[in-house]
Amino acid sequence: MGNQVDRLTHLSYDEVPTTDPAGLDHTDASQQVGVSYVFSEEEDEDGPEDGRVSPPPPPLADDPDDEIEFRAYFQERCIFSKRCLRALPPDVLSARCRPGDLVEFVRPQRYPHWAVVLGPDGLVHLREREVRRDSWTAVAAGRRGRVVSDWYRFEALPPELVARSARQHVGSRGQHLSWRSSEAFAAWCRFARREFKAGGEIRVGKQPYRLTARLGDTALCLSFQSLEDLMAERRKRDEQGRHALLEELLGDGEFGPADDNGRANGEGAGDGPSGVINW
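Each residue of the sequence shown is one higher than the one before, counting from 1 in full-length UniProt numbering.
I should point out that these hints are in silico values taken from the structure, not numbers from a laboratory. A few of these clues could be false.
Each computed SDA-like pair below joins lysine to any residue, with the alpha-carbon atoms no more than 20 Å apart [claimed, not checked]:
#: 1; residue 1: K236; residue 2: R146
#: 2; residue 1: K82; residue 2: E67
#: 3; residue 1: K236; residue 2: R214
#: 4; residue 1: K236; residue 2: D134
#: 5; residue 1: K236; residue 2: R129
#: 6; residue 1: K236; residue 2: E67
#: 7; residue 1: K236; residue 2: Q109
#: 8; residue 1: K236; residue 2: L249
#: 9; residue 1: K82; residue 2: E69
#: 10; residue 1: K236; residue 2: P99
#: 11; residue 1: K236; residue 2: A95
#: 12; residue 1: K82; residue 2: H243
#: 13; residue 1: K236; residue 2: L246
#: 14; residue 1: K236; residue 2: F80
#: 15; residue 1: K236; residue 2: R127
#: 16; residue 1: K206; residue 2: I79
#: 17; residue 1: K82; residue 2: S149
#: 18; residue 1: K82; residue 2: R144
#: 19; residue 1: K82; residue 2: L246
#: 20; residue 1: K236; residue 2: I79
#: 21; residue 1: K82; residue 2: Q109
#: 22; residue 1: K82; residue 2: R146
#: 23; residue 1: K82; residue 2: D217
All chains, full assembly: derive it from the sequences and hints.
Encoded structure:
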């Protein structure tokens, strides 16, 4: 299951669960298959593991030029697009948000941190294995942020239901959590799709998800069994930054332009694509 350059095939994938309209899961846990990606428990946290509260690092200027543009696909459908990379101070950002919006706070060489907007007085977010309600200043912790409500292209719940779902989970912690990152929790509150939950998809060896990381006309294409795996890899590359991806692309020398469906240049039914990594 290690990293390897391989052929990207387009397969039907009927096993992906669909969401319950009410956002409730009725799947028998015994039917779930184990996760095939190695996750960090605290991938997007700055604090120490022993629970002590450490002061936030000094603010760093956000640099959109160091960020990577991503698109994600399920089969041929685009389900995620990272764009509008400009980040704002939290006081400016809060004035532009409405309850139910999703926001992302960013800092160079750190995992992005997502939260659900309740209003000017606070946000709900997953941090250090606990769902918390905190002020904008506390969640931002010196970082700038941006609205990311429309990055995922799923049908969203009404804003009041998004905010209500987030509030209802405040205080949940430890083994009672169903999400592996702040992004997964925030996205689940907005879209109520079980694909955002840990182990929410049945893995049967197929790889219907595809992630494209773009640097100008050059792209790295990767394929995954689940949205959970794709999200973990994308967040890791967000943390590493544009320079690390550029070194990888230039070092391999096999990556080329990608089309609008996330396929590398030259990819066809019988040709191995440039730079497709299977997990």
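We went through each hint and held it up to the structure:
A threshold of 20 Å between alpha carbons decides the hint, and for K236 with R146 the separation of about 19 Å falls inside it, so the pair holds. The hinted pair formed by K82 and E67 meets the criterion: a straight-line CA distance of about 10 Å does not exceed 20 Å. For the hint pairing K236 with R214, the CA-to-CA distance comes to about 15 Å; that is within 20 Å, so the pair holds. Between K236 and D134 the alpha-carbon distance is near 25 Å, which puts this suggested pair outside the 20 Å criterion.
As the CA atoms of K236 and R129 are separated by approximately 18 Å, the hinted pair is consistent with the 20 Å bound. Pair hint K236 plus E67 holds up; C-alpha atoms about 12 Å apart against a cutoff of 20 Å. Our distance criterion of 20 Å between C-alpha atoms is met by K236 and Q109, whose separation comes to about 10 Å. Distance hint between K236 and L249 is fulfilled; the C-alpha atoms sit about 16 Å from each other, no more than 20 Å.
Of the supplied pair hints, the one linking K82 and E69 holds, its CA atoms being roughly 6 Å apart against a limit of 20 Å. The suggested pairing of K236 with P99 is violated, with an alpha-carbon distance near 28 Å, which exceeds 20 Å. Between K236 and A95 the alpha-carbon distance is near 30 Å, which puts this suggested pair outside the 20 Å criterion. A threshold of 20 Å between alpha carbons decides the hint, and for K82 with H243 the separation of about 17 Å falls inside it, so the pair holds.
Proximity of K236 to L246 is assessed by CA-CA distance (about 15 Å); at most 20 Å being required, the pair is judged to hold. For the given pair, K236 sits about 16 Å from F80 by alpha-carbon distance, which is consistent with the 20 Å threshold. A hinted pair counts as satisfied when its Cα atoms are at most 20 Å apart, and K236 with R127 qualifies at roughly 17 Å. The hinted pair formed by K206 and I79 meets the criterion: a straight-line CA distance of about 18 Å does not exceed 20 Å.
The straight-line distance between the Cα atoms of K82 and S149 is roughly 11 Å, inside the 20 Å bound, and the hint therefore holds. Simply put, K82 and R144 have alpha-carbon atoms about 16 Å apart, close enough for the 20 Å limit, and the pair holds. Distance hint between K82 and L246 is fulfilled; the C-alpha atoms sit about 18 Å from each other, no more than 20 Å. For a cut-off of 20 Å, the pair hint linking K236 to I79 stands: about 19 Å separates their Cα positions.
Pair hint K82 plus Q109 holds up; C-alpha atoms about 18 Å apart against a cutoff of 20 Å. Only pairs whose Cα atoms come within 20 Å are accepted, and K82 paired with R146 is accepted, the gap being roughly 11 Å. The suggested pairing of K82 with D217 holds, with an alpha-carbon distance near 16 Å, which does not exceed 20 Å.
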